[in-house]
Every structure is written in C-alpha cells, then in structure tokens.
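Working from the sequences, and respecting the hints, build out all of it.
Each chain is listed here by its residues.
2 protein chains.
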Amino acid sequence: MPCPDHPSLATIDILTVLRALADPMRLAVVRQLHEQGEATCAELLRNRPKSSMSHHFHVLRDSGILHTRVEGLHHYNSLRRQELDQYFPGLMTSILLTTKES
Amino acid sequence: MPCPDHPSLATIDILTVLRALADPMRLAVVRQLHEQGEATCAELLRNRPKSSMSHHFHVLRDSGILHTRVEGLHHYNSLRRQELDQYFPGLMTSILLTTKES
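These protein sequence lines map, in sequence, to chains A and B. Be aware that the first sequence starts at 1, since it is given in UniProt numbering, and climbs by one per residue. Be aware that the second sequence starts at 1, since it is given in UniProt numbering, and climbs by one per residue.
Keep in mind that the hints are not guaranteed to be accurate.
What the hints assert, rightly or not - Pulled a few chain A residues facing chain B out of the computed Cβ check, cut under 7 Å:
hint	residue
1	L15
2	L18
3	R19
4	L21
5	A22
6	A28
7	A39
8	T40
9	Q82
10	L84
11	F88
12	L96
Unchecked claim - Chain A is nowhere near these chain B residues, computed Cβ spacing over 10 Å in every case:
hint	residue
13	C3
14	Q82
15	Y87
Keep in mind the hints are simulated off the structure, nothing from the lab. Keep in mind it's a predicted model, so treat the numbers as computed, not measured. Glycine included, every Cβ here is placed at the ideal spot set by N, Cα and C.
The following block contains the structure:
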C-alpha cells in the first residue's frame with residue numbers, strides 16, 4: 001500500500017489551514033490526535049461514516065495538518081505539529097488549548 | 001439607524017470563529033481592521049461587491065469578531081480583539097502575525 005502524498009508546509013497558506021480546521025468532524029479528529037499522539041483510521045472512525053471520514057482525512061492531509069504512515073494494512077495518523085508550529089506559530093496551540101469547546 | 005446586535009463571546013465556540021475566518025474576503029477585512037484599527041464599511045468595501053460584503057460583515061459580526069458602531073449615517077467597524085484574546089487566547093495573534101499570507 002503506497003504512502004499518501006504530503007504537501008510541504010511551505011506551499012500551504014493560513015486560509016487553507018483555517019478551512020481544514022473549520023469543520024466539526026475534522027476538528028474532532030485533530031483533537032483526538034493531539035491527545036492520542038498517533039491513531040489508526042479505524043480508531044479515528046468511531047461511529048462516524050467511513051465515506052465522509054475518508055474525505056476529511058484527505059482534506060486534513062492536503063492542508064498539511066495530518067501525516068499518515070502506512071505499515072502493513074494499517075494507516076497510522078498523526079498531527080504535523082512541529083511543522084505547523086514552525087509555519088503558523090501559536091495557531092494549533094490556541095485552537096487545541098482553548099477552553100471553549102465546540 | 002439602530003446599532004447592530006453583537007453576541008456575547010461567551011456564547012461563541014471556536015468552530016464558529018474558525019468558519020468566519022476561513023474565507024479570503026473576511027480574512028482580508030480582519031487584516032485591514034487589524035492594521036487600521038477602525039474603518040467604515042465604505043473603506044472596507046474597496047472594489048468588492050457590496051452585496052457579498054454585507055453578508056461577510058454579518059458573518060464576522062455574528063461570530064463575535066467584528067464590532068460595528070453607528071454614528072450618523074456611518075458604520076464604524078473594529079475587531080473585538082480584547083474579548084477574542086480573552087476567550088481564544090493567541091488565536092488572532094497567530095492568524096494576524098503569520099508570515100504566510102493567503
């Protein structure tokens with residue numbers, strides 16, 4: 001199974017990142033990965049519909065937020081936190097640590 | 001001319017704020033207000049279509065980002081920066097000060 005492509009954060013603008021985060025499902029995935037560190041797609045699916053989650057994974061990956069590594073039959077997902085913090089300082093911290101839940 | 005309603009930031013969640021900011025026109029307005037401090041609707045319009053800008057002003061106001069005060073025939077707009085910083089610490093700073101323009 002090939003590894004998915006990951007864009008360079010240097011090619012991603014703040015609007016793309018904001019658009020990706022401005023969705024309840026995707027924000028929930030980002031929060032789960034922040035807490036869990038790394039998670040398989042199955043772990044992130046929970047009771048969410050697989051087809052729409054596949055779209056959300058694509059959006060998060062294409063916007064430079066999500067990294068997916070393939071090991072055997074499993075996809076392991078994590079946040080590209082270090083790079084995000086480098087290119088958008090403070091953004092993920094402010095969103096993840098907000099006391100105002102959505 | 002009555003003053004528009006402004007929601008309490010206590011009732012606004014991070015998702016609403018992200019959705020409001022995840023638009024090129026609205027992000028441009030927010031950036032202009034950050035630089036200018038206060039601006040009339042006419043100053044913010046520039047060559048943008050009035051009808052769509054009216055919608056964008058509504059979205060920014062309803063999401064707690066924009067404050068509008070009415071003085072005579074003019075509407076003066078500004079960011080609710082202090083309240084935003086209180087409820088979403090670091091969010092506006094990270095978005096406004098990012099070196100990666102959209």
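Do the hints match the structure? See the list:
no.	hint	in the structure
1	L15	holds (4 Å)
2	L18	holds (4 Å)
3	R19	holds (4 Å)
4	L21	holds (5 Å)
5	A22	holds (4 Å)
6	A28	violated (10 Å)
7	A39	violated (21 Å)
8	T40	violated (25 Å)
9	Q82	violated (16 Å)
10	L84	violated (10 Å)
11	F88	holds (5 Å)
12	L96	violated (10 Å)
13	C3	holds (25 Å)
14	Q82	holds (15 Å)
15	Y87	violated (6 Å)
Violated hints, listed in ascending order, are 6, 7, 8, 9, 10, 12, 15; each of the other numbered hints is respected by the structure.
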